[in-house]
Each structure stands twice: as C-alpha cells, then as structure tokens.
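For the protein sequence lines, the chains are B, R and L, in the order given.
First residue of the first sequence? That's 1 in this note's numbering, and the numbers climb one at a time after it.
First residue of the second sequence? That's 1 in this note's numbering, and the numbers climb one at a time after it.
First residue of the third sequence? That's 1 in this note's numbering, and the numbers climb one at a time after it.
Since the hints were derived computationally from the structure, they do not count as laboratory data.
Be aware that one or more of the hints could be misleading.
Said to hold, decoys possible - Label pairs and their computed distance ranges (CB to CB):
1. E139/L to W283/R: 44 to 52 Å
2. P21/B to G67/R: 53 to 61 Å
3. R301/R to R16/B: 53 to 61 Å
4. T5/B to L17/R: 57 to 65 Å
5. W175/R to N5/L: 46 to 54 Å
Said to hold, decoys possible - No farther apart than 25 Å at their CA atoms in a straight line, the calculated lysine-lysine pairs in the PhoX-like style are these:
6. K72/L to K106/B
7. K62/B to K114/B
8. K62/B to K85/B
9. K59/B to K25/B
10. K62/B to K25/B
11. K106/B to K85/B
12. K25/B to K85/B
13. K107/B to K136/L
14. K25/B to K72/L
Unchecked claim - Partial pick of chain B residues on the chain R-facing surface, computed with a CB cut under 8 Å:
15. L11
16. S15
17. R16
18. T17
19. L105
Using N, Cα and C, we set each Cβ at its ideal position, and we do this for glycine too.
Chain residues, written in single-letter form:
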Amino acid sequence: MSILTMLWRNLWGGSRTMLFPARPKVSKGFRGLVRFDPALCTGCAICRFRCTARAIEFKAAKGEFTWSYDPGQCTFCGRCVEGCKTHALSQDSECPPVYTTIGELKKSYTVARKPPAPRPAAAAPPAGDSQPAKSATGDMQ
Amino acid sequence: MNLTTALARLLIFPGLLFAVPFAWFFLWVERKAVALMQGRIGPPFMQPFFDFIKLLGKTTPPRNGIGGLLMKAWPLIAVSAAAGAVGLLPVLPTSGGFEGDLILLLALLELPSMCIIAAGFSSRSIFGEIGSAREAVLSVSYNVVFLLAIVSIAASQHTFRLEALAQLPATPLRWLGILAILVCLPAKLHINPFSLPNAEQEIYSGPMTEYAGPELAMWELSHGLEWVAATGLIATLAAPHLTIWWLAALVFVAISFGVVLLLSVLAAATARLAIDTTVRFYWQCTLIFAVLAVSSALFMRFRS
Amino acid sequence: MNLWNRLMCYSRRRSPWLFHMNSGSCNGCDIELIASLTPRYDAEQLGVRLEGSPRHADILCITGPVTHNAVKAIQTVYGQVCGPKAVVAIGSCPATTNVFIDSRTLDGPLNRHIPVDVFVPGCPPRPDAIILGIAKAAEILSERASKKLPLDPPAEPVCMCGHSSDCTTECAAKTEDREVLL
Chain B
1 MSILTMLWRN
11 LWGGSRTMLF
21 PARPKVSKGF
31 RGLVRFDPAL
41 CTGCAICRFR
51 CTARAIEFKA
61 AKGEFTWSYD
71 PGQCTFCGRC
81 VEGCKTHALS
91 QDSECPPVYT
101 TIGELKKSYT
111 VARKPPAPRP
121 AAAAPPAGDS
131 QPAKSATGDM
141 Q
Chain R
1 MNLTTALARL
11 LIFPGLLFAV
21 PFAWFFLWVE
31 RKAVALMQGR
41 IGPPFMQPFF
51 DFIKLLGKTT
61 PPRNGIGGLL
71 MKAWPLIAVS
81 AAAGAVGLLP
91 VLPTSGGFEG
101 DLILLLALLE
111 LPSMCIIAAG
121 FSSRSIFGEI
131 GSAREAVLSV
141 SYNVVFLLAI
151 VSIAASQHTF
161 RLEALAQLPA
171 TPLRWLGILA
181 ILVCLPAKLH
191 INPFSLPNAE
201 QEIYSGPMTE
211 YAGPELAMWE
221 LSHGLEWVAA
231 TGLIATLAAP
241 HLTIWWLAAL
251 VFVAISFGVV
261 LLLSVLAAAT
271 ARLAIDTTVR
281 FYWQCTLIFA
291 VLAVSSALFM
301 RFRS
Chain L
1 MNLWNRLMCY
11 SRRRSPWLFH
21 MNSGSCNGCD
31 IELIASLTPR
41 YDAEQLGVRL
51 EGSPRHADIL
61 CITGPVTHNA
71 VKAIQTVYGQ
81 VCGPKAVVAI
91 GSCPATTNVF
101 IDSRTLDGPL
111 NRHIPVDVFV
121 PGCPPRPDAI
131 ILGIAKAAEI
141 LSERASKKLP
151 LDPPAEPVCM
161 CGHSSDCTTE
171 CAAKTEDREV
181 LL
C-alpha cells in the first residue's frame with residue numbers, strides 16, 4: 001500500500017518542479033566560472049602551470065603579458081584559484097552559460113607589467129661583522 | 001439506419017472527428033496524471049498535438065520495395081482500424097453506432113496490435129523482431145481473457161449485436177466481464193506494468209525502432225485511438241442505459257476519463273514486468289476470470 | 001509564411017525529442033542528463049521526451065570526449081537521426097576534450113565529426129543548464145525552419161589546430177548537408 005500512499009501524497013502535495021526558466025540556487029562552495037582581476041595579477045603563471053585542462057593561456061611579452069581563459073575548456077577544478085598567491089583569481093557561484101560556437105566564451109586580458117618595487121634605501125648600517133650582508137631585492141619578473 | 005447517420009456516426013461522433021482530439025486528450029491525461037503522481041509537472045495541455053504536427057514535418061529514411069511499402073502501410077491500417085473500432089462503439093442510444101456487430105468490433109480492436117507485430121518484422125531490425133515477438137506473446141496471453149470475457153457477455157444475451165452490449169442487464173456477469181477486460185487493458189495499451197513491446201532501454205523501442213516522421217505520427221495516433229476505443233468499450237459496458245443522446249455521450253466520456261485515470265495510477269505505481277512474469281500473470285492469475293465469466297454465461301443461458 | 005509553416009515551427013520548438021549518446025564519457029554528464037528528467041528539474045514541462053531510437057529523436061545529446069571507437073558509432077547514429085535535427089554537446093568534453101586534451105585514445109572534439117549546434121559547458125553541467133541547452137537547440141530547430149536556410153554551415157570550418165578552411169589535414173569539420181523540411 002505504501003506506493004499508493006506515496007502517489008496520493010504526491011498528487012495532493014503539489015509538485016516540487018522548478019518552472020522553466022527558474023533555476024535553483026547553487027550551494028555555497030559551488031565552483032563556477034573563474035574570474036580574473038588584472039589589477040592583482042603579477043604574471044607569475046602559476047595558474048597556467050596548475051591548470052588541469054589547459055584552459056588558461058599565458059603569453060609573456062616585454063612590458064606586458066596576455067592571460068586568457070576559455071570556460072569551454074575548463075573543468076572547474078579550482079586549482080588555479082588555490083594556486084594564485086595574490087588572489088587575482090576567484091570562482092563565481094555562477095554556472096557557465098550555454099554557447100553555440102567553439103571559443104565563443106574565451107576571454108583574453110592584456111595586462112601591463114607593473115614596474116618592480118623600489119629597492120629599499122640603504123638601511124641601518126650593519127650592527128656587527130657577524131651579520132651577513134643582505135642582498136638586494138630579487139628581481140621580480 | 002441510413003447512409004447519412006451511418007457516415008455521421010463513423011466520421012463525427014463517436015467516429016473520427018471526436019476520436020482524434022480525444023485520443024490526444026487521453027494521451028495527455030495519462031502523461032499528466034503519471035507526472036503529477038510522480039511529483040512533477042508534466043507536459044502542457046497541447047503536447048500530443050504538437051508532437052503529432054512536429055512528426056509530420058520530419059523526413060523518413062528511404063523505404064524500398066515491397067517491404068518498404070508494407071512498412072508505410074502498417075501504421076495507416078492501425079489508425080483506420082482503431083478509428084473504426086471507436087466509430088463502431090454503441091455509444092448513442094438509438095440504433096447503436098455504425099452498423100456492425102461484436103465480431104467486427106473485436107477484429108478491429110485486435111488489428112492495431114497485429115499491425116505492430118507485422119511492422120516490427122517488416123522493419124528488418126533485430127530490435128523490431130524482439131519487440132514483435134514480445135508483443136505476439138503478450139497478445140496471445142491477454143486475448144484469451146479478453147475475448148472470453150466479451151464473448152461470454154454477448155452469449156449471455158443470445159446475440160452478437162452491439163446494441164446488446166449497450167443494454168446489458170446489471171448482472172454480476174457484467175461486472176465480472178468489465179473486471180476481466182480492465183485487467184487486460186494495461187497489456188493492450190502497452191502501459192506499465194505490461195509495457196514490454198516498446199521498452200525503451202532494453203530494445204530501443206522494439207517494433208517502432210525504424211519508424212520516423214509521419215509514420216511515427218500515425219503510430220502515436222493509433223495508440224491514442226486505441227486508448228479511446230478500449231476505454232470506450234468499458235464505458236459502453238458500464239454505462240447505464242440512457243435515452244437522451246447528449247447525456248449518454250457525456251456519461252460515455254466521463255466513464256472513459258475515469259478508466260484513463262485508473263490506468264494512469266496503475267502505470268505510475270508499477271514497473272515494467274519481464275516477459276515470463278507477464279505471461280505467467282495472464283495465464284495463471286487472470287484465467288480464473290475468464291473461466292468464471294464463461295461458466296456464469298453458460299449458467300445464465302441454461303437458466304433462461 | 002503561411003499558417004501551416006508557422007504551426008510547424010512552433011511545434012518544433014514545443015516538442016524536442018532527445019536521443020542520448022555517450023562517446024566515452026565518465027558518465028557524470030549522463031547522470032546529470034537523466035537528473036534533468038527528475039521531478040526537481042522536470043524537462044518534460046518543455047515537452048522533452050527521451051526516446052529509445054535515434055530515428056524518433058530531433059535532438060542528439062552527446063556526452064564524452066570522442067574516443068576512437070566511438071567515432072564510427074557517432075557518425076552512424078547522426079546519419080540515422082531524421083532531419084531536421086540538432087546536436088547538443090553536453091559537458092566540456094565534447095566541446096574541447098577538457099582534461100583529456102593530450103590523450104592518445106581520443107579523436108578530437110565532437111565538431112570534427114558532426115556539426116554541433118549548442119555546447120553546454122560544465123564538468124558536469126547542472127541539470128538546469130542542460131535543460132537550457134536543450135531549449136536553445138529547440139529554438140534553433142524552429143528558427144532554421146522558419147528561415148528556410150539550408151542549415152547554417154559554419155562560415156569557416158572550425159579547426160582546432162587553428163588552420164583555415166583550406167586545411168588539408170583531417171581536422172577540418174565536415175558539414176553534412178541536412179535538409180530543412182517545409
């Protein structure tokens with residue numbers, strides 16, 4: 001009898017269908033489209049290294065670099081977001097949209113490289129001989 | 001019964017003009033009822049009509065030779081047989097439906113499943129052959145009960161005329177016959193739990209595998225008309241005898257609708273049974289109905 | 001356009017029948033496609049029916065990066081779907097082979113073998129995204145019929161290695177002629 005009570009309850013309890021085109025809200029940790037913030041990016045290309053699907057492309061040039069991302073190639077694993085040291089990448093809680101041509105969703109950004117940070121001025125004189133000389137700041141590429 | 005009333009009954013009510021929209025209506029009712037019972041919304045009201053129109057606009061693969069001609073012919077035969085069966089039903093009180101008798105009605109009710117069997121074999125695909133074999137086994141199994149029930153009802157009235165079906169006295173035999181026919185209906189209409197021949201996952205829709213486009217539209221239409229004919233048969237057996245024609249028509253539609261809802265509940269509540277269980281069900285469990293119906297018919301005949 | 005043509009275009013949008021085919025997928029996208037038929041998402045409210053035979057369907061839904069063994073099967077089934085038809089590539093795999101980009105057992109993205117109309121990205125895409133993709137494919141079917149185009153061939157055959165249309169290597173996409181009925 002339990003199947004019939006189930007059917008009865010379904011019949012009078014109303015359907016739990018979302019009427020098209022309503023879509024349910026995604027959960028909190030949903031990994032959607034990757035968002036890029038050019039202001040925070042330093043051009044280290046760790047994201048390109050970590051990307052599992054080669055969705056991120058990175059081309060370095062003299063004073064600038066080009067970062068591009070193809071959501072069609074992406075598998076939304078989140079490794080690029082985890083690996084970005086400056087938090088320039090974040091993941092949306094938004095599903096990628098439906099598209100009709102290959103490469104339609106690909107986005108490229110050309111970011112001018114930031115000038116290197118200024119070297120700190122000659123600091124306090126070394127206290128004693130035993131202290132090793134500090135090297136100059138490493139060149140940021 | 002002159003030609004114009006005969007044509008009116010065959011083409012208007014309960015013939016083609018009434019039967020085709022009601023076929024679509026009953027197909028929608030079944031899908032919607034199953035969907036609501038499963039907690040879904042289900043298709044919108046005009047869905048079977050849109051399906052039909054869309055199918056008319058599709059191309060068909062080329063069919064060559066006599067086999068191709070036969071493949072194109074089976075759905076048309078099925079549609080005309082089912083529409084004829086609906087037209088024959090003694091719905092309206094005066095002088096029954098189109099002039100015919102019970103044997104003709106039974107033959108017309110059988111033709112769609114014969115056409116399905118033949119279509120599966122003439123489509124030359126393996127899945128078609130398996131589906132047709134299953135449909136043939138199913139047909140043999142449920143027809144024993146179905147035919148015995150109807151024939152015993154008719155035999156108890158001493159006649160094969162269709163008006164006798166419409167004006168049955170309210171004996172236990174009538175309800176036994178209706179019950180027997182109701183038990184056979186899921187197999188006749190290919191709904192769960194006996195939806196074996198067009199099992200989609202197992203045999204790629206069985207006999208219909210190679211059909212496309214307008215031919216498929218005709219198969220869907222014949223399926224809908226089978227619904228109308230089969231539920232209409234129950235309605236004519238169960239309806240009380242009324243003299244006002246529009247009241248009789250209304251009662252006919254209402255009882256058919258009720259039977260469709262009942263079968264939808266059955267379809268939603270059960271899963272597809274395998275062929276051996278189906279055959280065992282019809283030969284072991286329901287044969288008792290047929291035996292009871294025949295024996296009570298004989299009993300009533302010898303008593304009267 | 002007369003009344004019958006308009007009715008036909010409208011019916012094509014309102015009655016998309018699917019056939020689902022797996023060309024080597026991990027089954028994630030297949031599960032989400034079946035999930036779109038469950039009560040929460042209910043693709044049947046759009047008239048969607050999952051059919052058992054490719055001859056019955058209008059829309060071919062393909063999942064999976066196309067493996068070598070699947071190429072012939074996909075081409076055969078595509079030929080068996082009766083026109084007018086549309087193809088939906090579900091998931092990132094058929095569009096771009098996703099993480100399997102260097103695999104030796106694959107034969108490239110799906111549009112190297114058959115023309116694809118809608119891509120539904122995601123790994124796996126959510127069922128509501130799949131339903132959106134199917135609705136878009138149904139619209140495309142109805143628009144094609146209304147414009148009486150011989151089916152939009154792509155302007156340049158899309159070639160994943162970046163060559164142009166006179167590329168002689170195998171990766172130029174084939175445009176099969178699909179007829180529009182009306």
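Here is what the structure says about each hint:
1. E139/L to W283/R: 44 to 52 Å: About 51 Å separates the Cβ atoms of E139/L and W283/R, which means 44 to 52 Å holds.
2. P21/B to G67/R: 53 to 61 Å: 46 Å, violated
3. R301/R to R16/B: 53 to 61 Å: 56 Å, holds
4. T5/B to L17/R: 57 to 65 Å: Taking Cβ atoms as reference, T5/B and L17/R lie about 41 Å apart, which means the hint is violated.
5. W175/R to N5/L: 46 to 54 Å: Taking Cβ atoms as reference, W175/R and N5/L lie about 52 Å apart, which means the hint holds.
6. K72/L to K106/B: Violated, at about 30 Å.
7. K62/B to K114/B: Measuring from Cα to Cα gives roughly 12 Å; hence the hint holds.
8. K62/B to K85/B: Cα-Cα ~22 Å, so holds.
9. K59/B to K25/B: 36 Å, violated
10. K62/B to K25/B: 44 Å, violated
11. K106/B to K85/B: Distance ~23 Å between K106/B and K85/B Cα, so the pair holds.
12. K25/B to K85/B: 29 Å, violated
13. K107/B to K136/L: 23 Å, holds
14. K25/B to K72/L: Violated. K25/B to K72/L sits at ~40 Å, over the 25 Å cutoff.
15. L11: 5 Å, holds
16. S15: 5 Å, holds
17. R16: 6 Å, holds
18. T17: Because about 5 Å separates T17/B from the closest Cβ in chain R, which is inside the 8 Å limit, the hint holds.
19. L105: 31 Å, violated
Violated hints for the displayed structure, listed by number in ascending order: 2, 4, 6, 9, 10, 12, 14, 19.
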